[in-house]
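Undergrad: One letter stands for each residue in the lines below.
2 protein chains.
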Amino acid sequence: MTTTSKLCLADIQAAAERLKGVAHRTPAMTCRTIDELAGCRVFFKCENFQKVGAFKFRGAYNSVAKLSDETARRGVVTHSSGNHAQALALAAKMRGIPAYIVMPRTASPVKRAGVEGYGAEVILCEPTQAAREATAADVEARTGATFIHPYNNQDVMAGQGTALLELHEQAKELDANLDAVITPVGGGGLLSGTCVAAKGISPQLRVFAAEPKGADDAARSFASGQLQPQTGPNTIADGLLTSLGDLTWPIIRDNVEAIITVTDEQIVQAMRLLWERAKLLIEPSSAVVLAAILDGRFKERPPVKAIGVILSGGNVNLDKLPW
Amino acid sequence: MTTTSKLCLADIQAAAERLKGVAHRTPAMTCRTIDELAGCRVFFKCENFQKVGAFKFRGAYNSVAKLSDETARRGVVTHSSGNHAQALALAAKMRGIPAYIVMPRTASPVKRAGVEGYGAEVILCEPTQAAREATAADVEARTGATFIHPYNNQDVMAGQGTALLELHEQAKELDANLDAVITPVGGGGLLSGTCVAAKGISPQLRVFAAEPKGADDAARSFASGQLQPQTGPNTIADGLLTSLGDLTWPIIRDNVEAIITVTDEQIVQAMRLLWERAKLLIEPSSAVVLAAILDGRFKERPPVKAIGVILSGGNVNLDKLPW
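Protein sequence lines, in the order shown, are assigned to chains A and B.
Using the working numbering, read the first sequence as starting at 1 and increasing by one per residue.
Using the working numbering, read the second sequence as starting at 1 and increasing by one per residue.
Please note that a few of the clues may not be correct.
Identical chains blur together in the list; that is why a pair holds if it fits in one copy or across any two.
[Stated by the list, open to error] Straight-line alpha carbon distances no greater than 30 angstroms define the calculated DSSO-like cross-link-like pairs of lysine-lysine that follow:
no., residue 1, residue 2
1, K93, K172
2, K93, K305
3, K305, K213
4, K320, K111
5, K66, K6
6, K172, K20
Just so you know, the hints here were simulated from the structure itself, not pulled from any lab data.
Source: prediction; values computed, not measured.
From just these sequences and the hints, can you work out the full model?
TA: So this is what it looks like as structure tokens:
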């Protein structure tokens with residue numbers, strides 16, 4: 001059974017209203033060296049500067065804000081060891097409600113401390129998908145908290161789509177009209193929200209996605225026309241390991257023009273280029289997109305002139321850089 | 001004999017006009033975690049995102065732009081192995097005139113390649129101040145090029161002051177009125193330009209400076225009231241090794257409220273904090289300022305509420321991070 005999402009531009013605009021004055025309007029940056037390498041103008045939406053260091057704050061805040069007071073009072077729950085966990089913890093803290101975060105026992109102490117620093121309660125479980133889901137369901141039953149999926153949730157998807165609305169405006173302020181946008185794809189929350197925002201702005205605005213070869217479920221799904229799960233992912237881009245969801249997949253299938261896969265070597269090269277030349281401190285999962293642009297395969301039919309890039313986040317371990 | 005600078009706000013405003021559409025209007029960023037640690041609002045002017053990765057582009061471009069066509073045609077010359085070298089090379093390239101950069105034989109191949117990448121001619125010399133000056137004078141005599149000092153030059157100082165004009169506006173856009181500003185101090189180009197800009201905006205706008213303990217000539221000069229040279233500097237903040245100049249010093253003496261010195265350990269801690277929490281990729285010479293703010297000594301008389309910070313640059317060796 002496939003659930004169908006009715007996500008539309010108005011939902012994203014409403015999310016943008018909720019986020020006004022709450023999320024950072026992160027800067028849009030350009031870098032002449034990268035424009036020259038890419039052969040087109042590139043506008044980076046710097047969500048590494050977003051609260052909690054990633055775009056995930058947008059979707060988490062939007063879903064928490066939409067809860068009724070009575071529902072909200074019982075709190076929110078999710079399973080994540082990544083940026084969504086911190087984002088939901090902060091969004092809950094801002095509303096003054098409890099957040100329960102289910103994490104695998106193997107999650108790093110730093111990530112656990114990050115979530116607890118926002119006042120969330122961490123519940124540890126075995127490091128399997130089944131254990132995560134069972135533990136989250138258990139917390140839901142026990143507390144009455146609302147489950148907020150990291151990406152397969154319409155309010156989360158709407159929140160993530162707001163980054164493109166801002167970038168489109170910001171590019172105009174820099175005298176450019178975006179003719180394309182590209183995002184990384186993991187579970188598809190950012191990509192599906194971006195699709196709806198883009199096509200709402202203009203049906204001519206082309207949408208591309210970038211994915212690591214070591215976790216290429218979206219590219220395989222796209223090629224086959226059938227949702228394919230991700231098993232045994234193996235890539236440095238640790239924010240992109242998950243499978244697409246049944247809400248995000250149909251939107252991606254119907255709106256994306258191409259999904260470009262890149263190797264970890266290309267990802268590390270692109271990451272270093274962004275750090276060195278653009279001084280943008282971004283995580284490997286964000287560098288995937290620049291790697292795809294530099295790979296260049298997708299830009300010729302017809303040529304892209306001005307592309308928006310959502311740089312998804314900047315949460316890296318500074319003691320273990322990949323070069 | 002002391003030369004006196006007549007630098008005034010109008011010079012800085014004229015420089016800002018010249019830089020419009022040429023230099024980046026770099027973003028002003030805030031970070032709640034750092035506000036909490038600092039005990040006041042902190043507005044970071046992100047000159048790490050400036051062309052060539054440092055504020056130095058402002059001063060270099062302004063001085064090149066002010067040359068008459070006939071003078072400009074013969075080119076410009078400087079001695080520097082740092083950000084000013086790249087900045088002057090780029091400014092000359094943009095005007096289509098030659099740039100001659102005198103560098104010590106010991107300068108890293110990366111820095112040399114950076115300057116040559118902008119089309120400048122590199123002239124190597126022995127790694128002493130006397131050799132640099134003699135070699136630059138020789139180039140000047142041979143080519144007729146105009147010598148552009150890295151900081152002891154009124155047009156350079158005027159250009160550097162433009163960053164504060166922008167930051168003051170940007171803080172207003174974020175509903176804040178700066179009551180203080182702090183910059184790092186090496187030769188004093190940025191600090192003196194900032195002094196004149198600040199006092200031109202409002203005599204009540206307080207100016208502070210931060211300096212590494214291992215190169216504390218400005219603090220010693222300030223304490224004694226007499227210009228003291230820097231000999232044998234020893235600090236990780238390699239952009240702040242030089243002595244004040246006779247043009248920059250009197251402005252600093254008359255307008256700065258305090259110069260705070262910090263240890264290399266404090267600098268590295270502040271640098272990591274900016275990378276980790278604010279995702280701002282800055283060089284040690286920029287972190288000096290946050291180290292001074294966190295040190296806290298200067299902020300109590302009377303308390304600072306909203307401080308502007310010029311983050312001077314982001315040119316670091318990613319293979320040799322200090323943690």
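Undergrad: Next step is simple, just say for each hint if it's right about the structure.
TA: Here is what the structure says about each hint:
no.: 1; hint: K93 / K172; verdict: between (35 angstroms within a copy, 28 angstroms between copies)
no.: 2; hint: K93 / K305; verdict: between (42 angstroms within a copy, 26 angstroms between copies)
no.: 3; hint: K305 / K213; verdict: within (26 angstroms within a copy, 49 angstroms between copies)
no.: 4; hint: K320 / K111; verdict: both (15 angstroms within a copy, 25 angstroms between copies)
no.: 5; hint: K66 / K6; verdict: within (16 angstroms within a copy, 59 angstroms between copies)
no.: 6; hint: K172 / K20; verdict: both (19 angstroms within a copy, 18 angstroms between copies)
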